[in-house]
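Trainee: Whenever a hint applies, use it, and build me the whole structure from the sequences.
The chain contents come next:
Number of protein chains: 2
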Amino acid sequence: MRFTFLGRRSRGDTKVKTLIIKFQFDGTDFVGWQMQPGQRSLQGELTKAFELKTGIEYKIIAAGRTDTGVHGISQIATIKIDDFRIPEEKIVPAINTVLPNDIQLLDAQIIDEDYNARFDAISREYNYYITSDYSVFKRRYFAHYKEKLDINLMNEAALSIIGNHDFTTYSKVNNDLNHYGCKLEICQWLQINETDIKLHIKSNRFVYSMVRSLVGTMVDIGSGKLEIDYLKNSLLKKDRSLCSTIAPANGLFFEKAYFNSEYRILK
Amino acid sequence: MRFTFLGRRSRGDTKVKTLIIKFQFDGTDFVGWQMQPGQRSLQGELTKAFELKTGIEYKIIAAGRTDTGVHGISQIATIKIDDFRIPEEKIVPAINTVLPNDIQLLDAQIIDEDYNARFDAISREYNYYITSDYSVFKRRYFAHYKEKLDINLMNEAALSIIGNHDFTTYSKVNNDLNHYGCKLEICQWLQINETDIKLHIKSNRFVYSMVRSLVGTMVDIGSGKLEIDYLKNSLLKKDRSLCSTIAPANGLFFEKAYFNSEYRILK
Chain H
1 MRFTFLGRRS RGDTKVKTLI IKFQFDGTDF VGWQMQPGQR SLQGELTKAF
51 ELKTGIEYKI IAAGRTDTGV HGISQIATIK IDDFRIPEEK IVPAINTVLP
101 NDIQLLDAQI IDEDYNARFD AISREYNYYI TSDYSVFKRR YFAHYKEKLD
151 INLMNEAALS IIGNHDFTTY SKVNNDLNHY GCKLEICQWL QINETDIKLH
201 IKSNRFVYSM VRSLVGTMVD IGSGKLEIDY LKNSLLKKDR SLCSTIAPAN
251 GLFFEKAYFN SEYRILK
Chain V
1 MRFTFLGRRS RGDTKVKTLI IKFQFDGTDF VGWQMQPGQR SLQGELTKAF
51 ELKTGIEYKI IAAGRTDTGV HGISQIATIK IDDFRIPEEK IVPAINTVLP
101 NDIQLLDAQI IDEDYNARFD AISREYNYYI TSDYSVFKRR YFAHYKEKLD
151 INLMNEAALS IIGNHDFTTY SKVNNDLNHY GCKLEICQWL QINETDIKLH
201 IKSNRFVYSM VRSLVGTMVD IGSGKLEIDY LKNSLLKKDR SLCSTIAPAN
251 GLFFEKAYFN SEYRILK
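One line per chain: the protein sequences are H and V, in this order. Residue numbering for the first sequence follows the working numbering, starting at 1 and increasing by one per position. Residue numbering for the second sequence follows the working numbering, starting at 1 and increasing by one per position.
Identical copies go unnamed one by one, so any copy, or any two together, can satisfy a pair.
Derived pair list, reagent style DSS-like, types lysine-lysine, alpha-carbon separation capped at 30 Å:
#1 K138 <-> K90
#2 K15 <-> K48
#3 K22 <-> K146
#4 K138 <-> K202
The hints are simulated quantities; they were obtained by calculation from the structure and are not laboratory data.
Mentor: This is how it looks when you write it as structure tokens:
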């Protein structure tokens with residue numbers, strides 16, 4: 001485990017512990033993960049809830065930093081603690097009483113080492129939902145495309161980008177990153193029912209707007225606007241101008257982060 | 001059909017026509033059907049949309065007047081018109097462009113007679129959804145009860161009130177009504193999956209808060225707080241003080257109104 005020894009302070013000091021939380025959120029009314037002044041962010045609401053219950057303003061680190069409008073089925077975050085005033089088994093109900101009802105803790109565990117959800121996650125998984133049937137009950141959770149989409153064409157394109165690639169073409173600029181290389185493990189469209197489809201995608205890492213950028217181009221392939229080999233060819237060119245319209249955020253769900261760990265909460 | 005002859009004006013006058021609309025809505029952010037100053041109502045939003053597109057403030061009458069937070073899968077409303085400036089087949093897309101995205105037209109039809117969704121509906125159907133598994137994605141559309149509910153007990157109670165009864169016990173006071181008699185045709189709980197159940201209920205009419213009042217008492221029966229025969233006995237007593245806690249609005253869906261009619265839109 002990273003930092004296992006480095007993270008523990010020398011004899012006499014309090015040992016470093018980590019509180020790991022698992023949570024879900026309906027992203028519709030959030031500006032995304034990152035705390036921003038005057039905005040309603042996931043990190044902000046969580047920080048406020050923990051502060052209300054403990055009196056301490058903790059720094060909370062998520063396994064994936066989602067954008068405005070993106071949802072989370074099972075997100076993991078870590079909080080470095082010395083000591084924590086709420087007993088482990090009471091954390092979920094206590095924090096949920098002060099969280100707004102579009103974000104809720106599912107689980108919490110305290111471990112005796114330093115752990116970082118962002119750096120220790122080994123891969124992430126998303127689903128992207130598309131419907132051809134607009135309904136007020138789907139509007140928050142599905143992107144709506146009127147065009148008839150050929151899921152077989154979309155799957156051929158999806159299959160062509162599995163593996164290690166530089167995703168510059170399908171990423172926004174991010175100066176914090178050294179490189180745009182990602183190892184795509186799963187990229188597959190599935191038919192849910194007559195009107196609804198979803199993309200299941202898993203990678204060791206995702207660069208900014210990567211899923212929504214890939215979806216936008218695959219939708220253009222499914223509707224016949226672009227050829228199947230457009231996706232693979234444009235990827236190899238590492239040229240952002242080749243990316244089609246970015247798909248809307250409301251169809252995107254952060255499904256799960258994977259860790260190489262024996263801790264219950266991280267499985 | 002009621003008013004078929006009375007409704008047509010005498011020779012020389014413009015004939016009375018009716019625009020019938022079918023629509024769906026996510027009731028979470030509405031105060032319910034009825035227009036109220038300074039409030040966001042379904043009738044208000046529809047009236048505004050029709051006025052924006054036609055310049056005329058029409059009176060819109062719904063087959064069922066839902067409460068704050070109650071949803072609609074397929075609601076019917078009628079609008080008395082002489083003449084209508086949007087061609088019939090363009091009404092749905094035109095009005096939808098100016099409606100907010102939590103209410104949408106599904107269909108529209110113009111008929112050559114006077115028709116009233118409220119008085120001409122012969123029965124109404126609702127579903128009420130309950131989950132034992134709280135999730136941010138269910139919070140808008142399911143009532144959450146932690147207690148273990150015995151659906152068999154609830155169904156025995158439900159069955160006991162089928163038929164013609166005075167529903168005073170399970171209604172709020174409404175001075176506009178002459179009587180609280182309703183003929184319950186269907187009242188049945190169904191298991192959807194391990195954590196979710198729904199009540200399917202159909203009646204010629206529903207009095208104020210009737211479904212939510214019945215659900216509240218049936219939940220108390222399902223959790224063992226009340227005996228099975230409590231529902232039937234309390235109904236016969238016509239005493240409002242015997243009604244248990246009213247179930248929350250978010251689980252209630254107006255499913256459909258029934259009409260004795262050959263018009264496509266009313267089937």
